[in-house]
Amino acid sequence: MTEARLLPEADLMLVNALADGELDAPSAAALERRMADEPALRQSYDAIVATREALGRLERPAMDAGFLDRIGSVVGAFGPDAASARRPSRWKADWRALAASVLVAVLVAGSGGYWLGTNTMSQQNIADLVASSHRRSLLAASPVDIASSSRHTVKPWLDSRIGISPPAPDLAAKGFVLVGGRVDVIGGHAVPTLVYRHNEHLITVVAEPAGAAISGPRDSQTDGYNMVNWSGNGFDYWAVSDLERPELDGFVARYIAASGAGKNDQSSSTIAQ
Amino acid sequence: MPHLKDALAFARWLTGSRDDAEDVVQEACLRAYASIGGGTVLRPRAWLLAIVRNAAFTWMAKNRPKWLLASGDGTEMDRLAETGEASFTDLLTRTPEAELIRKADMAAVREAVAALPVRLREVLILREFNDLSYRDIADVLAVPIGTVMSRLSRARLLLAASLAEGCRD
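Here the protein sequences line up with chains A and B, keeping their order.
Going by the numbering used here, the residue at position 254 of the first sequence is 254; the numbering climbs one at a time, nothing skipped.
Going by the numbering used here, the residue at position 143 of the second sequence is 143; the numbering climbs one at a time, nothing skipped.
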């Protein structure tokens, strides 16, 4: 200990912020100038740095195999025989599927900060919601919030509304004209939706942000509407229409081909035509 | 598994026990699931650490009733952690010397961290062991940044004093 008195708390906080790299450049420069003149400031700074160094010498708790086994057995992420983990799981088997979706959801969130609810909704729930949203849009004055046949208009509009937009390829030459886009709410989440027209039939394409999985297309039918579900480009897609099955499948095939669904680039706005 | 290691480190230093930390993190994963229901998680690391923190407090209160007492909850030291407590500076009238702090061995450092009041300790852990910014720490603890800065500076001052004192003996 030396004879230097403690600094006022405000100064102490400033010196800490400097040590933590939390000061902007002008404030840091000003404080360093003061430190040159005031030994008490300099001494506090040195003490903080020394304390941080002392903490830095401590070992970091490692995630040992036992713990990973335990979490692994809980989330089922380390193989089917994970039940033989060294530490018995305190969770019932029922919880495993739930826990697995937690970690999957946390991973998804870590990679992009997107919402986490989709893992908890069944595919059938989503299909029902997508179908009813399609039906509502047919009853509404306009099926779209932004009417434009240009993806250069629709994508920026969706981006500005909810910060995300799926590929919106121009398929007019194939007989599918882009009508526009809207924001649907599926399971409490705002999702980007595109609307295409084929003859007098509308096709709703709902694109839910998802992980990197690529799958589908899978055909289904809900409420009398034909539906197709597939994944790629970082989205889970649902196409719904009263089009005949072969025509809807044809649309989906062209959409996938034109949007490069083999890639996983959610932010991709360059679309192969 | 991003964030799992952070969760474990935070729980480890908060509870002071490896086994308790693992139980707490497991419990936190369960809670994380329950709270996912809907909504956006924009800062997943801060979000998960906040859940770990809550899980740690309830788990320890239930299973280690002495922990809260030992952690200084409700004691004089814990009140000192709150901002605006003028008598704090009475405890430390001099700035500890860096040379003395550097002599502290690892066991002494570990003990000094464990002895910090929990309100100060959690801020220090998030900063030093989880490497969170002030902004993120404020998010995890749901307190203003000014409170984070005040608690962090007090935590380091107490730590520095206790390390320097230990080396003089």
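Since the hints were derived computationally from the structure, they do not count as laboratory data.
Be aware that one or more of the hints could be misleading.
As the list claims (entries may be wrong) - Sample of chain A residues facing chain B (criterion: CB under 8 Å; computed from the structure):
#, residue
1, 16
2, 17
3, 49
4, 50
5, 55
6, 250
Note that CB positions come from ideal geometry on N, CA and C, so glycine has one too.
To see whether the hints hold, each was checked on the structure:
1. 16: holds (5 Å)
2. 17: Result: holds, 6 Å to nearest chain B Cβ.
3. 49: Holds, about 7 Å.
4. 50: Holds, because the Cβ-Cβ distance from residue 50 of chain A to chain B comes to roughly 4 Å (cut-off 8 Å).
5. 55: holds (5 Å)
6. 250: violated (35 Å)
Figure legend: structure checked against the earlier numbered hints; the only hint not met is number 6.
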